[in-house]
Amino acid sequence: MNSFLTFSNDNIWYEIWPELALVLGAVIVLSMDLFSKRERGFPSMAGPFAIFFQGLLFSFHLFDYLAWHPTFDRTTFSGMLSQGFKGDVMRSFFLLSSFLVSILGHRYLKANLLRVGEFHHLTMLATGGLMLLCQSDHFLMLFVSLETVALCFYSLVAYDRESPKSLEAGIKYLVFGALSSSLLLFGIVLLYGVGANPEVWGARFTGHESMDPLSFSYLHTFLAENPDHLLLRAGVVLVLSGMAFKIGAAPFQIWVPDVYHGSPMPVTAFLAVSSKAAGFFVLLNLVQGPFGGISDFLLPLLGFIATFTIFFGNLAACAQRNVKRMLGLSGVAHAGYLLVAIMASMLFPGDSDRAVWVLFFYLFVYMTASFSVFGIMGLARTSEESEHDFSNYCNLAEKRPWMAFVLVCGISSLAGIPPFAGFISKVLLISVAYEAELYFSLAAMIIGVVISIFYYFGWIREICFKPDKLHDDDSLPVDPWETVTTSGFVKIVLISLTMASIVFGLWQAPFGNSF
Amino acid sequence: MELVTPHHFLALGALLFGIGFFGVVVRRNLLLVLMSLELMLNGVNVALVSFSRAGLNLDGSLFVFFIMTVAAAEVALGLALLVALYKRRQSVFSEDMSLLRN
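Chains A and B are the protein sequences, given in the same order.
The first sequence lines up with residues 1 to 515 when you count with my numbering.
The second sequence lines up with residues 1001 to 1102 when you count with my numbering.
If we strip away everything but chain B, and leave its shape as in the complex, we get:
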């Protein structure tokens, strides 16, 4: 009997995704928001790899490489923006991002 089925991996992936989503919504520090975004993508990766393994189909494993590359590019850009913003505003907290309003 197979002990670990794709169902468990989907649950794990969804849990990681949910924790990341919660972090993006709740966290005030933009660095932690970026980390939570990474966590969401990692949840996706776990599910993809396990589905790919279970279905004996390599597309999912290939997809993971693209997701990792994109995530790295996104975070590099996000950190660059944060550094530039920190130089102007001396803060990385989302409650200080309040210049844009009606």
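The following block holds chain A by itself, in its conformation from the complex:
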């Protein structure tokens, strides 16, 4: 009992209250579905509760650190976690994104007759893991929270157990995900092995052996002292390749189109936004923390990866006919652009650095645009789930004007067309890359944006214009939009996401003086 008391006093549990609340909510959601009287056709309350709970938690958390308890940098749980303003912004980002996933998911689950409780449970658990992941200050914490997230995502991708496509996407994601986390682990082992026995491996160290060799602060000093050590470099490369898998950067993007294609629509949106953002937040923490000392080695490597990712994503997306695969590959290209921001943040370290806030702004804009696009796509009733062709969107502007409006705004924001926020975020990214003198990546980015306009506009053309005249003997295709009923709440959310991407295109005051 005494040891338990000291344990709970040493660790300030209050610091992770959003995660604890989220996990509590997840358990309540699961038990609501477990104990509800399903046989009487009683509608499950789990979905509305999950949406309401996450919305409340998000706004409460936002007020908490912005107004009530201004944040300061601190380390808790014996150096496992570190909190600060940056971490709180990341946590809010994940809460908002999981709130939106639950809203989209609720409607999708009802329409496809899938079980409700487990979906929201897994979404909330994954979000809790993501929130811990971006605050972790120790490789053990990083690994455990990464795997919490990954296990939730494997089951979410395969959520539609009746569909062989969803299952196939799940098993592919599991195999590639496990492969990448073993690469990450091997990298951590190399860093640990050299960090714990420097004299065995011929590394220099200046007497901080009392520190924890897996913590970020120890590795920062240790790597800065031994920037040329071969095993350490191999470890850093392996850790980065594990993270490159998460964000879908070029040599590790192989899973992206297949998994996006097969998974249920709200899960695709969750993968595209939260999972990718988590990868970037962790990368940011890594390059500014432990890997800060060897940026001379990392910059050319990341530059190569970013350029390759931008070209691969954009060129492969041009060839796709399936909209989900196209969006997945365009997400790969966006990952390439964001890697340039990571490189810029390495050149100007520090939290108040512009590159960090440009990265956050870009991800926020990407979130609003992606959720409006995936939200509209989730409303369509195609003949076979997960098969979204360009031709499904023929003449949508006439059939469903508001859906076409939301979709076109979302696509234009992703493409970076002037009045939308996507344009501003790309301009800011380019200006940061210019300041950091990353001219080569800058050129790749501009060429990539130009290529991307081709496939985004192909989609907009389908939405806005009538199809070519059919031959007499062609059978009329099934219209996926005929039976769509407009639900009030989803409509409000999608329209406000669109408004957000227009408003932030014209006015960036809340992101304030960092620009």
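For the record, the hints were derived by calculation from the structure and aren't laboratory data.
Incorrect hints may have been included.
Across the chosen pairs, the derived CB separations fall in these ranges [stated by the list, open to error]: (1) A67(A) x S1061(B): 40 to 46 angstroms; (2) F85(A) x A1072(B): 35 to 41 angstroms; (3) I446(A) x Y1086(B): 45 to 51 angstroms; (4) M211(A) x A1072(B): 28 to 34 angstroms; (5) S31(A) x N1029(B): 36 to 42 angstroms; (6) A67(A) x F1022(B): 51 to 57 angstroms; (7) I254(A) x I1019(B): 41 to 47 angstroms; (8) F457(A) x Y1086(B): 30 to 36 angstroms; (9) R1089(B) x A224(A): 36 to 42 angstroms; (10) N112(A) x R1089(B): 29 to 35 angstroms; (11) L20(A) x F1022(B): 26 to 32 angstroms.
All C-beta atoms, glycine included, are put in the ideal place defined by N, C-alpha and C.
With chain A held as given, fit chain B onto it using these hints.
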């Protein structure tokens, strides 16, 4: 003179890891792919335990428990997915996983 140094353990761990990696890439049977993934994690575990012993630092040995737990959870999920997939497709071979294409 110490006969077995951390270098040997690193070589052993890297060898196990490499064999596992090769298995994941080459094998067509998804059950064997899952086993190869386990082998990779075991290679990591060997290296971790030996480093932890050599450096007289318990963090590595602790890490191994987390890795084992995670590996068990991953394989449980993987087997469940494989069983569900086998019911639909009557196959566990990766060349039959070809529904997702452009």
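We went through each hint and held it up to the structure:
1. As the Cβ distance of A67(A) to S1061(B) is approximately 45 angstroms, the hint placing it in 40 to 46 angstroms holds.
2. For the pair F85(A) and A1072(B), the beta carbons lie near 38 angstroms from each other, so the given range of 35 to 41 angstroms is met.
3. With their beta carbons about 48 angstroms apart, I446(A) and Y1086(B) fall inside the hinted range of 45 to 51 angstroms.
4. Separation of M211(A) from A1072(B) is about 31 angstroms and conforms to the stated range, judged on CB atoms against 28 to 34 angstroms.
5. Remark: the range hint 36 to 42 angstroms for S31(A) to N1029(B) is upheld by a beta-carbon distance near 39 angstroms.
6. Distance hint for A67(A) and F1022(B): a CB-CB separation of about 55 angstroms, consistent with the stated range 51 to 57 angstroms.
7. A hinted range of 41 to 47 angstroms for the beta carbons of I254(A) and I1019(B) is inconsistent with their spacing of about 22 angstroms.
8. Restraint check, F457(A) to Y1086(B): a C-beta distance of roughly 43 angstroms breaks the suggested window 30 to 36 angstroms.
9. With their beta carbons about 52 angstroms apart, R1089(B) and A224(A) fall outside the hinted range of 36 to 42 angstroms.
10. Look at N112(A) against R1089(B): about 21 angstroms separates their beta carbons, and that is not inside 29 to 35 angstroms.
11. Restraint check, L20(A) to F1022(B): a C-beta distance of roughly 43 angstroms breaks the suggested window 26 to 32 angstroms.
Of the numbered hints stated above, those contradicted by the structure are hints 7, 8, 9, 10, 11, listed in ascending order.
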